[in-house]
Structures are given as structure tokens and as C-alpha cells.
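Q: Between the sequences and the hints, there should be enough to build the whole structure, so can you do that?
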Amino acid sequence: MANELNSLDIQDILSLLPHRYPMLLVDRVLDYTPGESLHAIKNVTVNEPIFTGHFPNQPIFPGVLILEAMAQATGLLGFKTVENRSENELYLFAAIDNARFKQPVLPGDTMHLHVEFVKERRNIWKFAAEAKVDGKVVCTAEIMCARREF
Numbered sequence: 141m142a143n144e145l146n147s148l149d150i151q152d153i154l155s156l157l158p159h160r161y162p163m164l165l166v167d168r169v170l171d172y173t174p175g176e177s178l179h180a181i182k183n184v185t186v187n188e189p190i191f192t193g194h195f196p197n198q199p200i201f202p203g204v205l206i207l208e209a210m211a212q213a214t215g216l217l218g219f220k221t222v223e224n225r226s227e228n229e230l231y232l233f234a235a236i237d238n239a240r241f242k243q244p245v246l247p248g249d250t251m252h253l254h255v256e257f258v259k260e261r262r263n264i265w266k267f268a269a270e271a272k273v274d275g276k277v278v279c280t281a282e283i284m285c286a287r288r289e290f
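Heads up: the sequence shown begins at 141 in the numbering used here, then just goes up one per residue.
Please keep in mind that the hints were generated in silico from the structure rather than gathered at the bench.
Accuracy of the hints is not assured; some may be wrong.
[Claimed, not checked] Lysine-lysine pairs mimicking DSSO-like chemistry, simulated, CA-CA at most 27 Å apart: (1) K266 x K276; (2) K272 x K220; (3) K242 x K259; (4) K259 x K220; (5) K242 x K266; (6) K272 x K259; (7) K242 x K276; (8) K220 x K266; (9) K272 x K242.
A: Right, dumping it as C-alpha cells:
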């Protein structure tokens, strides 16, 4: 049976994630399957404030922000997986393992964020994450998020 295409626009994303400009790093979710995987995009533009200092003459999107974008994508998958969630629930970045950067991300690039659910134990969720630009892997990591209610 084919998966039904699920997508989220920016208003849907804003309703799920607490992040706001300049820290909201997911522009759109192209597809997701609750409890399995999510495919999102982040459009990298030269007018983002980070490029005034990283690096002024050779702008490169920071690796830590690539990891943050992937972590936000895992949070979105978590929110779309849990039914009957609390309004006070958040997914907090708990750990990152095996992060690897393969090539730089530059202004004008569209990062495709792919995250897959691996397992959950005691409200700690583990995901495999990958970022691609033009079909080439730019970053991979294993990301853990803690599901917490405040």
C-alpha cells in the first residue's frame, strides 16, 4: 500500500515548533510518515544574519546550524508521531553521535533534511539524520531527543 503524501507548510511548522526567526531552520516538510520518517527543506539565503560573521568573504552555513536543522526535523517527526500530545510538550536536543560533515553548505543551496525514527525508550527518541544538497550528502548524524512536558 502506497503512503499518502503528508506535508507541512510554514504555518503548520510554527504551530509545532517553539523556534522563531532567526533560529527556525525548517522551511517546509515535503513528506512524513508518523513513526517512521520525515523529509523537510531549509532554503539557505545569503541575507541570513549568520553570514555577516561566518565568514564575511566566504559565506558558509555553520555545521552546528545544519545539526540544529536536522534536530528540528526530528522534533517535527516526534510531534506528528505522538497522538493526543500535551500543549506543553517539547522535544529537547539530548545527544548527537557520529556527526560527519561531507561538504560545505553555501548561500543559494536548498538542504533536504531526511530523518528516520530508530527507537524510543523512556521518552528518549533516537533518529538517523541526513542533510543533502543537490542529491549529495552534506551531513549525517544520529540524534537523540528527550520528550518532556513543561
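Q: Given the hinted pair K266 and K276, is their alpha-carbon gap at most 27 Å?
A: holds, 23 Å
Q: Holds or violated: are the alpha carbons of K242 and K276 at most 27 Å from each other?
A: Holds - the C-alpha atoms of K276 and K242 are around 9 Å apart, at most 27 Å.
Q: Can you confirm whether the C-alpha distance between K272 and K259 stays at or below 27 Å?
A: Holds: K272 and K259 sit about 23 Å apart, inside 27 Å.
Q: Given the hinted pair K259 and K220, is their alpha-carbon gap at most 27 Å?
A: holds, 15 Å
Q: Taken at face value, is the distance from the CA of K242 to the CA of K272 at most 27 Å?
A: The given pair, whose Cα atoms are some 10 Å apart, holds under the 27 Å limit.
Q: Within 27 Å, alpha carbon to alpha carbon, are K242 and K259?
A: Given pair K242, K259 holds - Cα atoms ~26 Å apart, limit 27 Å.
Q: Holds or violated: are the alpha carbons of K242 and K266 at most 27 Å from each other?
A: holds, 22 Å
Q: Hey, K272 versus K220, does the alpha-carbon distance stay inside 27 Å?
A: This hinted pair holds, its Cα atoms lying about 22 Å apart.
Q: Is the hinted pair K220 and K266 satisfied, with a Cα-Cα distance of at most 27 Å?
A: holds, 15 Å
Violation of the numbered hints given earlier is absent; every hint is satisfied by the structure.
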